[in-house]
Amino acid sequence: MGGGFGVSTTSVLGGVVKRREDPALIRGTGLYVDDLQLPGMLHAAFVRSPYAHASIESIDASEALAMEGVRAVYTAADVEHLGDLVTQVAVGKLRPLLAGNQVNHVGEAVAMVVADSRYGARDGADAVDVDYEPLDPVIDLKEAASDAALVHEDMASNVLLAWEGGPWGDEEGIAGTKETIAAAKEREDTVTVSMEMVNQRLLPMPMEPRAVVADWNQGYGRFTVHSSTQIPHALAGGIAGTFGLSLTDVRCIAPEVGGGFGCKLNVYNDEILVCFASQQLGSPVKFTETRRDAAGSTIHGRGWVATATVTGTRDGKVLGYELDGIADMGAYSQNFTVAIPFLGLFVGAGQYSFPTYWRMACVHTHTMTTDAYRGAGRPEAAYYLERAIDAFAREIGVDPSEVRRKNYIPASEFPGAATHIGFPMDTGDYENNLDALLETVGYENLKAERDQMRADGRLVGLGLATYVEVCGFGPSALVDLGFSWAAYKIPSGFNGSGLVRIQADGTASVIIGTGPSGQGHQTTWAQIVSQQLGIPVENIRVTHGDTAESPLGIGTFGSRSAAVDGSATYEAANKVAAKAAKLAAHLLEASSEDIVFADGGAHVAGSPDQTVSWSDIATLAYQPHRLPEGMEGGLEAHAVFSPGNATWPFGSHLALVEVDGDTGDVKLLRYVAMDDCGNVINPMIVDGQIHGGLAQGIGQAMFEDGDYESDGNLLKWSFVEYPLPTSADLPSFELHRTVTPTDINPLGVKGIGEAGTIGSAQTVVNAVVDALAPLGVTHVDMPLRPKRVWEAIQAAQTNGSVS
Amino acid sequence: MYPRSFEYVSPGSLDEATSILASTDGAKVLAGGMSLLPIMKLRLFSPDVLVDIGRIPGLSSIQDQGDHVGVGALVRHADTASDPLIAEHAAALATAASWTGDVQVRNQGTTCGSIAHADIAADQPAAALALGATMVAASANGTREIAASDFFVDTLTTALEPGEILTEIRLPKQGGGSAYEKLGRRGGHTDYAVAGASAWVDLADGAVCCGRVALTGVGPMPTLAEGVMESLIGTDGSDAAVAAASDRALEGVTVLEDLFGTVEYKSHLAKVMTRRALQQAIAAAM
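So the sequences go chain by chain: A and B.
Under this note's numbering, the first residue of the first sequence carries the number 3, and numbering increases by one thereafter.
Under this note's numbering, the first residue of the second sequence carries the number 2, and numbering increases by one thereafter.
Take these hints with a grain of salt, some might be off.
[What the hints assert, rightly or not] With a straight-line cut-off of 25 Å between C-alpha atoms, the simulated SDA-like cross-links for lysine to any residue are:
1. K42(B) - E65(A)
2. K42(B) - E135(A)
3. K42(B) - M69(A)
4. K319(A) - G178(A)
5. K29(B) - D128(A)
6. K42(B) - E723(A)
7. K42(B) - F721(A)
8. K95(A) - E135(A)
9. K42(B) - Q39(A)
[Unchecked claim] FRET-style restraints, in silico, Cβ to Cβ:
10. L40(A) - S62(B): 30 to 38 Å
11. D86(A) - S47(B): 35 to 43 Å
12. M69(A) - P58(B): 37 to 45 Å
These are computed hints drawn from the structure, not numbers from a lab.
Here the structure is a predicted model, which means the values were calculated and not measured.
Note that CB positions come from ideal geometry on N, CA and C, so glycine has one too.
All chains, full assembly: derive it from the sequences and hints.
Now the structure itself:
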């Protein structure tokens, strides 16, 4: 329970080790892509569409090309032979590298200008004259779903597909579920509560925008590409595939990455285009997004409108849950796009056992692509479910914690429990987690305090929400469900890998194929290896993100790295330990079965006085002539780990808010999280992940709004228009844990990168609705900016003023 | 976010700066740069020459000048927010400065810069208006004083002429009490004002004898709400009197809608902020 901040340098899993990444980041000596200065490097800038939908009548680049320092202007005709942008789930209209005769969202790239300096590139881009003929855009989701006007004239419908379950893909089962819920609605003893809610579009906005430098070496026939990406191996494969090269011809390096949140889990057209330009011009080419580029041309998240309906009896037993809605895919499908609502479908019924019918239609609109943004489908699913459960609880007058408790999948069903679509889950004990939260906060007393404050005339509310998420992807067998990375020349599913190499001096190098953007892998992975080998953390260096060095990895997203690549590294460390035990046994003239590793060396169990150091062991390993007969020299091991399932973390969150009735201003007084991510490798890093996740979920609840105007304009080009939460806007989070280890990986870890985001938006909104319930407010759409809350109060009030 | 090409000069004296401004077309004064540089990077504004006054000596202090407190052109928001003279004689400005931007902006941006830029949702212009500040403008022709009530002319437009530098604002030592209240775009006091109000009030013999109220974030520019004081003067300053007076906050103001507020909402907020600022100012004056 809890995350203390007492720091030790012990290597034991579960101990706090200070992030080893931080000295470089804090001192400003870490290398980001934009820090890179290569000899002769050129700079790219993009000409972008100011229209949501328009035909391109002509492009005149003559003025730009005449400017000093401008080397080239490329348009669609120059890159058509490279095909569309590489995409994993190729459903819908794929993105052209540059717009051809039509633009389909504001910010779409129309031309790329390459110049000697970034200023010159921008000047050149401003000088390119594009003649557009504006067309009517399709922006509204319901209008798009109606097919009243088509986003792409060569497609039969704007609706790409609908994810539907009941039992997923089982038409008979789905029909049966619908019948069961319809029958429940018919019963006289049931209550049905239904609400249409918007889960608004969000802009990921990492602190470091995306940046890429491509360097084609004609002599070596090889690309070296530095990119701020979460998926260096997929980027290398995407470039190789696009240019007809082999994987050995492309080296991708993700140096320090300043935040990703899923938006760097795509290969982008600019990454391909700077490669093209580097090949054409024989010089390295850099593109660093401006904040404006990032707002309009890097993927967005969320963007759902749906109706959630709960039917149940007045004692709180839910007999059916339905979600029916539309998810905005934007104008083009990129890496996962249509798969994002599918992730929501997995957890559509959350941690509950009631019959659930769930349907989300995926539609194109004239907006930027949506794709994976922290939580990716799961925050949306959890939001609708937990808002609806709360509304049902309020309607029947039963405490929201009781309604949840009554409907949980019981702990006794694990192992063997499955989701509403029939997908097996690993481990879970939801009631225990909820109880721990309620006990920690003193729930009954807290309710009494709220009631007292209300009696004093204050608008105070308590919000509760619980969640289960699916993460830690995962199984290689996802290939068989259609989720392979084959488009990126990676045939595998989502398995991970790790390589542990004992250097000749007895220190250890750990090389992994992940692509972290702040998750602390250099620390966590050192703890895993230190635990298994007894090598102190300070003698272990972890490197990642360089495809020339590291074994194949899929990257860092979906709260998967520790559970998958961490487990692979654990197994690689065990392989090293097995060989090292033989070497130590040889030195100690003992049996390898009796060797234990501790305190930077090895000894025979029961005889800790006589030890050999890792340096001794390594020296032997690299002097093959001294080895026992039959042993190979060297001391390193590689392991691939493919778990049998994803992982299913869960948790319960509570918020206490106060609303200023005069202004609609919402103040978050307390936020308490009880998360269960299985075993914890480093509590400080886990707490940090929860902090950031909560900030992002609360950001959606209270501040952020990436929705387009009805004419297709996006009026959110900077942080002036798109307010992100800062530490000054948030309370000091109260974090707690229950621990229910998973049984699908050797570390027992589930993943924590997205949990805070998945659990928090609905917790805050439930609290605000609770605060306003005495006034008759039942729903307010996010973000709960003061204006919207005040308007909800005004609408609910039939007479008098709140103050 | 790359500005167009421009020239940069860094004069060492005020005379040198004003003479450059007098002889150069398309020149713009740079102090903290917290408003100017972002709009240059967005290419919304592209001056030919930036005249950086940051190295001119004598502009960085807050000084007691007898009947007023002078705030120099290079005084940072953070200094304004924490200075004891400002706290004593111009509390509303201290509060407004403490709610301007974030920590980095407050350490770099200047009070005079914020006032000269005159953003429609900025904090300190409203405080300067309510406090009855006097602006000192220097040019190659000498210096002149401009009353705050004459200073804010239109959206992002002040009475400063091309060639003039706002070298100081003078805050009268006038007794009474002052306050600033706002609702920020992210709620509370963070970010630009959706609506804000500043008030200065003095009492004599248990009655409100004089004062000023100014609004920000609501209309095209920071504006004095003269009707409010007309109602309040002569009353006892009770909550009821303040509430009645605050209802006149919008007289003569054209309320503008933006991403963060409708006309209806901003109109309501202007009255709420006026009421709250007045209540605090009266409490401070007592």
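- Would you check the hint for K42(B) and M69(A), treating anything up to 25 Å between C-alpha atoms as holding? 20 Å, holds
- Query: Taking 25 Å as the top limit, are the C-alpha atoms of K42(B) and Q39(A) close enough?
  - Reply: OK: K42(B) and Q39(A) at ~22 Å, within 25 Å.
- Message: Just to be sure I understand the hint, the distance between the Cβ atoms of L40(A) and S62(B) should be within 30 to 38 Å; is that true here?
- Response: Between L40(A) and S62(B), where Cβ atoms are some 47 Å apart, the hint is violated.
- Message: What's the verdict on K29(B) and D128(A), does the C-alpha distance respect the 25 Å limit or exceed it?
- Response: It holds: about 23 Å lies between the C-alpha atoms, which stays within 25 Å.
- Item | K95(A) paired with E135(A) [C-alpha distance capped at 25 Å] | 21 Å, holds
- Quick one, are K319(A) and G178(A) close enough, alpha carbons at most 25 Å? OK: K319(A) and G178(A) at ~20 Å, within 25 Å.
- Agreement of K42(B) and E135(A) with the hint, judged by alpha carbon distance not exceeding 25 Å: It is violated: about 28 Å lies between the C-alpha atoms, which goes past 25 Å.
- Query: Taking only the CA atoms, is the gap from K42(B) to E65(A) under or equal to 25 Å?
  - Reply: 22 Å, holds
- Message: Just to be careful, I want the Cα atoms of K42(B) and F721(A) compared with a cutoff of 25 Å; is the pair within it?
- Response: Satisfied, since the Cα-Cα distance of roughly 14 Å is no more than 25 Å.
- Are D86(A) and S47(B) spaced within 35 to 43 Å by their CB atoms? 37 Å, holds
- Message: K42(B) and E723(A) were given as a pair; does the straight-line alpha-carbon distance stay at or below 25 Å?
- Response: Given pair K42(B), E723(A) holds - Cα atoms ~16 Å apart, limit 25 Å.
- Query: Given a hinted range of 37 to 45 Å, is it respected by the beta-carbon distance of M69(A) and P58(B)?
  - Reply: 41 Å, holds
Against the hints set out earlier in the document, violations occur for numbers 2 and 10.
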